[in-house]
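Turn these sequences into a full structure, and let the hints guide you.
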Amino acid sequence: MQAISVSDLKKTFKVKKQGAGFSGTLSSFFKPDWQDFEALRGISFDIQRGERVAFIGPNGAGKSTTIKILSGILQPTSGEVSIGGHVPWKEREKLAYDIGTVFGQRSQLWYHLPARDSFSLLASAYDVDEATFQKRIKRLTESFDIGELLDKPVRQMSLGQRMRCEIVASFIHNPRILFLDEPTVGLDVAAKSMIRNLVYESSVQEETTVLLTSHDTGDMERVCDRVILIDEGQIIIDGPVSELRSRYISKKIVSFATKEETIALDITGVKTLETAAHKIVVEVNTDAQHVEHVIQKAMEQSSLRDISVEDPPMEEVIQSIYNKKSV
Amino acid sequence: MLDGFRKYYIFARTAFRDHTSHRMKLSIRVVLCLFFMFVFVEFWRLIGREEIVTLPYAIIDICWYASLTQMFLFMSPRMFMTIENDVRSGDIAYALIRPMPYIWMRLSEAIGAMTGNTVIYYTVGIAALYLYIGGLPTSGLSGLLSAMFFLYLASITHIFYQLMCGVTALWLQDGESIYRIYQKTLIVLGGLYMPITLYPDWVQTLAYATPVSSMMFAPAQFVLGASSPLSFMTVTLITTFWLGLSGLATLLLFRICTRRLEINGG
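Just so you know, the protein sequences line up as chains A and B, in that order. Each step along the first sequence adds one to the number in this note's numbering, with nothing skipped, and position 248 is 248. Each step along the second sequence adds one to the number in this note's numbering, with nothing skipped, and position 1 is 1.
Don't read these hints as lab results, they were simulated from the structure. Yeah, the Cβ is synthetic: ideal placement off N, Cα and C, and Gly gets one too. Watch out, some of these pointers could steer you wrong.
[What the hints assert, rightly or not] Some, not all, of what chain A presents toward chain B, calculated at C-beta under 7 Å:
no. : residue
1   : E93
2   : Y97
3   : R106
4   : W110
Dropping the structure here:
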């Protein structure tokens with residue numbers, strides 16, 4: 001069952017170009033120079049119910065613009081969008097019952113009031129009756145471990161605590177679709193991990209469709225099954241997260257712990273990344289060399305105590321894709 | 001229908017609670033308001049004592065008038081700032097996608113906060129004025145209560161204008177400069193410092209043609225005693241007219257501005 005359908009979506013912003021200095025300001029005031037900036041250049045994709053999709057790309061790629069069009073905040077220049085059968089910018093209030101949003105570093109909680117008051121306020125905004133609200137808040141409090149935060153004013157919470165409450169606030173009306181716009185930005189490692197697990201588990205339990213934008217590839221790996229990579233307003237890649245490494249990067253990182261103090265691996269397609277006593281780490285270009293051959297060569301020179309073969313970090317994979325595109 | 005209103009009532013109630021929980025901020029504003037009121041009371045007492053000009057009103061009445069108009073300015077929360085902050089911080093992204101119009105949500109919050117202010121200013125402020133001025137206006141308690149009632153209604157019109165200034169930030173990213181223009185008009189043509197009946201004729205005509213005179217002068221003139229130029233019925237009509245028209249204008253402007261919305265920061 002289709003949850004989101006996007007077809008040939010375009011968005012052009014008008015940007016005023018202003019010259020430097022006083023004369024530039026004066027000239028811009030009397031004769032403004034408006035230029036078109038194409039944030040989205042005709043993107044299309046479909047998302048099925050319960051799918052968790054990462055929408056990633058560099059700054060200015062068009063991620064947030066897409067999310068804002070899908071949630072009904074912005075109107076596109078052209079194209080079609082259907083979210084659960086609704087056109088977001090035309091039926092914003094009807095759509096609101098179906099979607100939940102979390103915008104990192106933005107807040108929907110009342111700053112001076114306890115989180116419980118904001119939850120109650122949101123429940124009334126979304127027409128959630130008292131009994132359902134109490135049942136839901138009890139479950140969310142347990143899932144997100146916010147029992148101690150319910151009666152704490154939001155201004156006294158850490159960023160990680162606040163983000164957990166922000167996500168709970170987005171779940172109050174039990175949305176079928178969740179838009180997460182950089183939900184882990186600014187969080188420490190432990191808080192990021194907790195948020196990722198909670199979003200994933202909630203999505204699995206409730207069969208919530210998730211569309212997540214993030215600069216952090218960890219969010220994508222831990223939460224999502226599918227990735228849409230966007231750059232300069234166009235989709236570059238749309239496929240399973242698991243295939244991203246194998247399809248778009250031909251590198252392996254091989255680490256050897258050796259009995260000899262040093263060994264040399266001067267082989268075509270192999271680059272030494274790190275050497276230390278009894279240790280060498282190399283990067284193998286799998287287009288030019290088999291990993292098996294590199295291990296064999298190392299074994300000819302030394303008795304190996306340990307070997308590990310790893311994929312490069314996902315950040316490097318993404319960077320490599322951006323670089324290939326720019327070449 | 002009732003369920004729809006219940007949502008707005010809950011937003012107003014929460015805003016009331018939130019607003020009245022900031023005791024220090026509220027106390028400072030009340031003290032500041034009292035200070036301004038006492039300055040104007042002394043100012044008009046001096047004019048009366050020195051007989052600088054011949055006034056058609058009793059000094060005690062004009063002291064009440066100038067104090068109530070000051071109170072009016074202090075009673076409304078600065079809603080244009082809230083909307084501008086929503087736009088600048090990007091928090092408006094959350095508020096716009098709720099199943100209720102953003103502008104009515106902010107209006108109900110403003111009414112909630114203003115009601116909190118009204119309770120405080122109408123008790124502490126009026127009691128302090130009574131003691132300082134040394135009695136009720138010559139129109140008595142009925143004149144004072146009429147003024148207080150219409151000032152409360154006029155404050156809702158004032159909120160509409162603040163909302164209009166705020167929503168222009170959705171389009172121009174700046175609502176404050178527009179508010180400043182509105183505020184200066186309100187102060188001069190609304191009759192903050194003196195009843196507009198003391199202005200030259202052409203300024204009076206101009207003031208009567210604008211909504212701002214219905215917001216301060218029309219309600220506060222009930223304390224001017226027998227000389228008050230507008231009847232209860234006239235004030236009821238002009239207050240209702242401008243309240244309705246301002247509400248419609250706010251809704252229209254909000255619709256125009258949301259169509260032009262560009263969210264800051266992508």
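Notebook entry, point to check: Is the hint on A/R106 kept, meaning its closest Cβ partner in chain B is under 7 Å away?
Noted result: holds, 5 Å
Next item on the list: Would you check whether A/Y97 satisfies its interface hint, that is, whether its CB is within less than 7 Å of any CB in chain B?
Entry: holds, 6 Å
Next item on the list: Would you settle whether the hint for A/W110 is holds or violated, based on the nearest Cβ-Cβ distance to chain B being less than 7 Å?
Entry: Cβ of A/W110 sits 6 Å from chain B, so the hint holds.
Next item on the list: Have a go at the A/E93 hint: is there a Cβ in chain B nearer than 7 Å to its own Cβ?
Entry: Holds, because the Cβ-Cβ distance from A/E93 to chain B comes to roughly 5 Å (cut-off 7 Å).
Hint compliance for this structure: every hint is met.
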